[in-house]
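Participant: Use these hints to put chain B onto chain A, whose structure you have.
Chains as they are written, first to last, in my numbering: chain A, 15 to 372; chain B, 643 to 1118.
No lab work stands behind these hints, which were simulated from the structure alone.
If a hint is listed, it holds; no wrong ones were tucked in.
Straight line, CA to CA, 25 Å or less: simulated BS3-like cross-link-like pairs of lysine-lysine:
| no. | chain 1 | residue 1 | chain 2 | residue 2 |
| --- | --- | --- | --- | --- |
| 1 | A | Lys262 | B | Lys694 |
| 2 | A | Lys98 | A | Lys113 |
| 3 | A | Lys113 | A | Lys327 |
| 4 | A | Lys54 | A | Lys37 |
| 5 | A | Lys228 | A | Lys262 |
| 6 | B | Lys1011 | B | Lys752 |
| 7 | B | Lys694 | A | Lys228 |
| 8 | B | Lys960 | B | Lys978 |
| 9 | A | Lys186 | B | Lys882 |
| 10 | B | Lys674 | A | Lys247 |
| 11 | B | Lys1093 | B | Lys752 |
Bear in mind that the values here come from a model prediction, so they are computed numbers and not experimental data.
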Amino acid sequence: MSIEEQIKKSAELLDSHTAEMIKWHFSPETGSSFWLDWAKEQDWNPLEEVSTFSDLCQKFPNFQDEWLRDLPNEVWVPQAYKGKPFNIFETGGTTGMPKQRIGWDDFRIDYTAFSETLSDEHFPRDHYWMMVGPTGPRRLRLAIEHLANERGCSCYFVDLDPRWVKRLIASKQFDQARAYMDHAVDQALTILKHRSVSALFTTPKLLEALAERKDLIRAGIKGVFCGGTTMDKQYARFLVEEVCEGGKIGFVPTYGNTLMGLARHHPIGPENDYSIAYYAPQPRAVLRVIDPESNKPVEYDTWGRVELTTMTKEFFMPRFLERDEALRRKPWSEAPWDGVAEVRPFGAMEKNIVEGVY
Amino acid sequence: MSVPHIPCLRFGEAYRSFNESEVNDYRDGSPKATLSQVNAGIIRRDLVQIGKAREALARFSTRELVDISAQAGDLFLNEDLPLGEGSMQSAQDYLETLSSTSGLPHVMVKRNMDKIHYALTHVELILNGLTRGINFDILDQGHGEQAGAPVCFYPTTDALGLVMPSNSPAVNSLWLPSIALKIPIVMKPGREEPWTPFRLIQAFIAAGCPKEAFGFYPTDHEGAADILRLCDRALIFGDKSTTDLYAGDPGVQVHGPGFSKILIGDDEIENWPDYIDVMASSISDNGGRSCVNASAVIVPKYSKEIADALGKRLGPLKPLPVDDPNAVLSGFANPKMGEWIDAALDADFAGSGASDATEPYRDGSRLVKAEGGTYLRPTIAHCESMEHPLSNREFLCPYASVVEVPQEEMLRAIGPTLVVTAITQDEGFKKQLLRASNVERLNIGPLSTMKISWDQPHEGNMFEFLYKRRSIGVAA
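Bound conformation, chain A alone (with noise of 0.2 Å):
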């Protein structure tokens, strides 16, 4: 099939998706009070008017993150899901009450998912993975473990605070970030030492640390997945080049939040100048490069800002505009949907960003 096939194809099957979610989330015997109250106060039907992912983008407004942080988790439980206890995510919360999303199956269907997109060549089966980094609250702890499980791994974890280390840079206490990060690094070292590991998801920052202190080739370490920060082309080289190796480690980078799930990426190397572009888990979540001021996608490989999407059976938020700014990159056979590249906090050009070891 050609790409531009590929393409029609993957925007039809979009189209369904969003036709088939908003019938979901806005049917009293499916919807959550959220959604169900929320279309009450509109003057206009989505039930009615959306029947594609352009329609869904020209209706809806922009999903407000604080309502996850101020509404309780009941109203966003789908009628469908009633009765059954959830899960309780939570993301960003540096300080004050922490944005929260409930969920039941969705870390194990997108983590399924993204398992098909991992090498056995570096992700062996049956054999043992460990994380370094956040775990806590956050979706990623569970998602990875299933992931690891998924293939047959079971995993390690070394945990890491990310709101601790935000408010150690903030109040310029480099020092105990410092501290902090080693304490982290000394305790994945430990179990490098005492046990069999193949596969590290960790963030960059860590991963480096790591490297520095251990030569990771021959502490059996085949892959590396890893995200949570930015990661530009000359990062993304250092690391690719230097720190794995030049391809001895395969390095996955990843884009994802608990909001999302995780979006693959494009392989990289000098062919592209070691542009990362990741690709959303369509239609389950869509990410466009766009022009808030005109709600329009900006144009190939320009800068705008990162919107998501994400449409399950039970977690539904159009269009809520990340913190991020990216690249728009084209489709590509193994996601021909577009992608999102050298994705950086919104005017990092700009300002001083804190993003420390995480």
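Facilitator: Leaving out everything else, chain B in the frame of chain A:
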């Protein structure tokens, strides 16, 4: 002509980063070069392997490295040397380009080049001063006999870390002896002044020095902090807020403001008109940008008259074309810095206790846009006491205060001072000066504060910084 790209150097090998900064003309902001910016992780990884740079230098004798340094000095001063990827830079290109990005007039760049050339061609003299005459064979072997006593030295570090400034090219002369002392360098160049260290490194390599000895890493704050943290010995240049962070760290030699001063004793004060020349040159040479520029004149009396005379001498100075041999003032690579200094001076003059002695002679404002750039014309502040905030300040321009302090209180009042020129013949005062612990370099008599001796370190002894002595016994 295309804009050259200056790469990072990792063990002397060019590495082009995807992240680049620009080095711009101080007048119109046009790019004169792009500069590879590397992430701190690259520096940390290279430092793990820094032993190979040490080994490369260790294959040479000190004598050979002294000779290489001398040859590098000639190449630096006169020859075409590589600049970035595939392009070459003549000495004249270097002079003009550095002038165009630093704001230093050609005549000052040339003086800085001559200073660096002198330092490189006199490394033997410098090492003699630093080591107090230790034979090169002892340095090569690590031990031997000196003046009838056994001596043994070991290096305190595998690399000398350098976080360089952008204000004055000649500060590079400080690290030059490190190569002959067989200690590689790991440098973050000044953001606006990559030219001089890059050219010096190329001169060393062209003269036969192993390229592995040179790490040149344009980088961010994290990278700079890692250089200082991970090299066991490092130099940092910066303003007081930067240097205060590392004060007290024995591994970091801090080069900040010098607060250099001229003191006139009771015995010579009646002759003050004879010393206006030395005061004026101490304040204004090199555009007033050096830590050895005088930033205060402390006298027992006639402060108003001296301030007025200095105002009359320096106040009329104006920016001149960069290629004018009489140019005294430097433009600001960052115009905001000039604006900030001007505003800070105005704010401090607005209060009581100080007056601008240059204003009557300046014929216009202090901050001027001229010759396409931003300049600050000289400022002499007459301060009523050392309590005034302008009495002990240093700015990146010709600036000095003139303050009356009784001779017996001078040494206490001046605080930590890099260079003191004391104009006195009073033996008692001289004894006090010689005993003063707050003065790094002491000139006795009417010598410019800018006059330093290459064989006497005025700010830390590089040999004692890079090597330590230990006792040794060797079985016969």
